[in-house]
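The task is simple: from the sequences and hints, build the whole structure.
The listed protein sequences derive, respectively, from chains P and L. Position one of the first sequence corresponds to residue 1 (the working numbering), numbered consecutively onward. Position one of the second sequence corresponds to residue 1001 (the working numbering), numbered consecutively onward.
If you're looking for bench data, these hints aren't it; they were derived computationally from the structure. Fair warning: there could be bad hints in the mix.
Below, a sample of chain L positions facing chain P; criterion: calculated Cβ distance under 10 Å [to be verified]:
1. G1157
2. V1186
3. Q1189
4. Q1191
5. V1193
6. A1215
7. V1217
8. A1256
9. P1258
10. P1272
Covered stretches of chain L (chain P as the covering partner; in silico rule of three or more C-beta atoms under 8 Å from a C-beta of chain P) [what the hints assert, rightly or not]:
11. 1201 to 1214
12. 1239 to 1253
A quick note: this is a predicted structure, and the numbers were derived from the prediction, not measured. We treat Cβ as the ideally placed atom computed from N, Cα and C, and that holds for glycine.
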Amino acid sequence: MPLLEIKDLSLDFRSAEGAVRALDRISLELDAGETLCLVGESGCGKSVTALSIARLVASPPAFYAGGEILLQGRDVLQMNPRELCAVRGGVVSYVFQEPSVSLNPVFRVGAQIKESLKIHRPKQATDEEVVRLLKVVGIPAPELRARDYPFQLSGGMQQRVMIAMALASEPKLLVADEPTTALDVTIQAQILELLKDLQQRLGMAILLITHNLGIVAEVADRVAVMYAGQVVEQAPADLLLERPLHPYTRALLASVPRLNRPQQALTGIPGTVPTLSELPSGCRFAPRCDVARPECSQRVPDLLAVDSFRAVRCPFHDAARESATQEANKA
Amino acid sequence: MSLLDVRDLTVRYPVKPGLFRPATRYLTAVNNVSFQIEPGETLGLVGESGCGKTTLGRAVLRLVEPESGTVWFEGEEITALSRDALRARRRKFQMVFQDPYGSLNPRMPVEDIVGEALDIHRLARGAAREKRVGELLRAVGLDPSYANRYPHEFSGGQRQRIGIARALAVEPKLIVCDEPVSALDVSIQAQIVNLLKELQQRHGIAYLFIAHDLAVVENISRRVMVMYLGRVVEAAEARALLASPSHPYTQALISAVPSVDPVSRRQRIILPGDAPSPVHPPGGCPFHPRCPKAQAPRCSGELPELREVVAGHFAACHFAEGQDH
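Written out as structure tokens, the structure reads:
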């Protein structure tokens, strides 16, 4: 049994102007000790998916329109408030993008970590355990730093404190939502290294949300690419980066500037992501797709398995890849 | 003659211990920086947060006043101009900002955001102004019929296009682009980088392109300058700098960039700690406390000068050696 299994999850945001479907039949699986990356551009639904795992999306305006989220075999959507409390920050811990906003500015960081311990491991809610956790995430002089307020720490140190807090409950799943986006690259490298190291030592599963395909290449075992509320491609990370199948994944990779290739022509993707209230009929990527055919705008393609590892939501992905290879050969 | 010639520019900010108490210390944001930009070329400026790259970009346009040093634009000393004279010269050098949400007035239609520059420099009025705004919007890839819309009706990428149209309105020779693509999604980022390149080819504009993303900078720049704690630590042709960096900081910075290409994944240099505060910069080489190659006592005692290690490749490190590119 996988640690986490999301099956056909749909979520609507309802407002006075009507409902929009933010997640459309999302299915994901994550095993213990594995790293899954959710990739996509702003507004594609990756954060909403991640927050749904502990049912952290405020309802209203959000309403689950179908599907299930099985965490250790139990459906999170059916849990009562007490069971949810054990999941939130317990089995599943979160690390968010902006550590300076996530930490409470008026409490010492040690006290904030202890609070998490009091809730999830009350017997070990001691100063020694706080110091041990700070040491685990690589904070120098942890006894002193525990008495600091968040503003006294740099962004990288604050993110380490957030991770220490997330680890306090000994979670089975760590959800990291753009954990390094607010940090400089040298600090980002430190934090990614720390996450990899912690995963090996503690055997947690990690769901990492990012828009940076370079980070995917560094840490992911498997990847799910999202576009406009749907998963459009799922594959092992190395396969996806070497041989992307969906035209959106291909276009996304072609937009990433690479180091040591100054002459690389960046193709970009024409147009913008559609708003959820005005989704195109048929394939949601069709209006921006360079290999779209007339039939693409008639019917929403299904996410179909290509082989036992990969699934893609494009019936013409073979043709798309051929034309890309031809172009590459020409160039 | 260079289009822009910056000599020994230093910018300091006072650090006030309290609201009404006078400054007792200074933060040197830009320390003795010199460089040139030729007409129509792009100089990339990279570095981590707090290294002084934004302050340098602003000081070049005299949006912040430098403490010492001079800035020459087309042979004229910008740093010696009176306010009025400076205002007239600003037509020649413009700026594009990072945040496409914060840098456009939400109460102005696009027509006025772009047209205001024309009004200030008295370049076009009435029907001519309307026509020129339409041309500018078309030049940045926007439909001229959007002219009477407001910023909130546009996406981030479209807003950045409006910011670029505004800078273009006065036909500048130099645009300082301060992180113009870092707030954008990668597919949109590529669109904007391509637009900037195309505009450069068509109008011969020079860019000072500030960014923290090395790959973007390499893609758009001819030369690249790396800053650390207010100082330039390395400067070279883009390709040479990225392929064979001489300064240990540049080496670590490049190795920290997560790479999509499995073949190019190299040994990563993880720097210990954070960049020190520029209020208390370390003595000697500013990078020595984090440097994997630092040697006592030289690195902690002696400030390395920016010297030419190979023709056209400058580095400020005692131990930098030239490598063939």
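Here's how the hints hold up against the structure:
Residue-level restraint check for G1157 of chain L holds (minimum Cβ-Cβ distance to chain P is 6 Å; threshold 10 Å). The criterion of a C-beta within 10 Å of any C-beta in chain P is met by V1186 of chain L, whose closest approach is roughly 5 Å, and the hint holds. About 7 Å separates the beta-carbon of Q1189 of chain L from the nearest beta-carbon of chain P, less than 10 Å, and the hint is met. Taking 10 Å as the C-beta contact cut-off toward chain P, the hint placing Q1191 of chain L at the interface holds, the least distance being around 4 Å.
Against a cut-off of 10 Å between C-beta atoms, the interface hint on V1193 of chain L holds, since the closest Cβ of chain P lies about 6 Å away. Hint status for A1215 of chain L: holds, given a least beta-carbon distance of 4 Å to chain P, under 10 Å. A cut of 10 Å between beta carbons decides the hint on V1217 of chain L: the least distance to chain P is about 9 Å, and the hint holds. Proximity of A1256 of chain L to chain P holds as hinted, the smallest CB-CB distance being about 4 Å (cut-off 10 Å).
Look at P1258 of chain L: its Cβ gets to within about 3 Å of chain P, closer than 10 Å, so that hint holds up. About 8 Å separates the beta-carbon of P1272 of chain L from the nearest beta-carbon of chain P, less than 10 Å, and the hint is met. Coverage of the stretch 1201 to 1214 of chain L by chain P holds in this model, with 3 residues showing a Cβ closer than 8 Å to a Cβ of that chain against a need of three. Only when three residues or more bring their CB closer than 8 Å to a CB of chain P does the claim for the stretch 1239 to 1253 of chain L stand; here the count is 5, and the claim holds.
Checked against the numbered hints given earlier, the structure satisfies every one of them.
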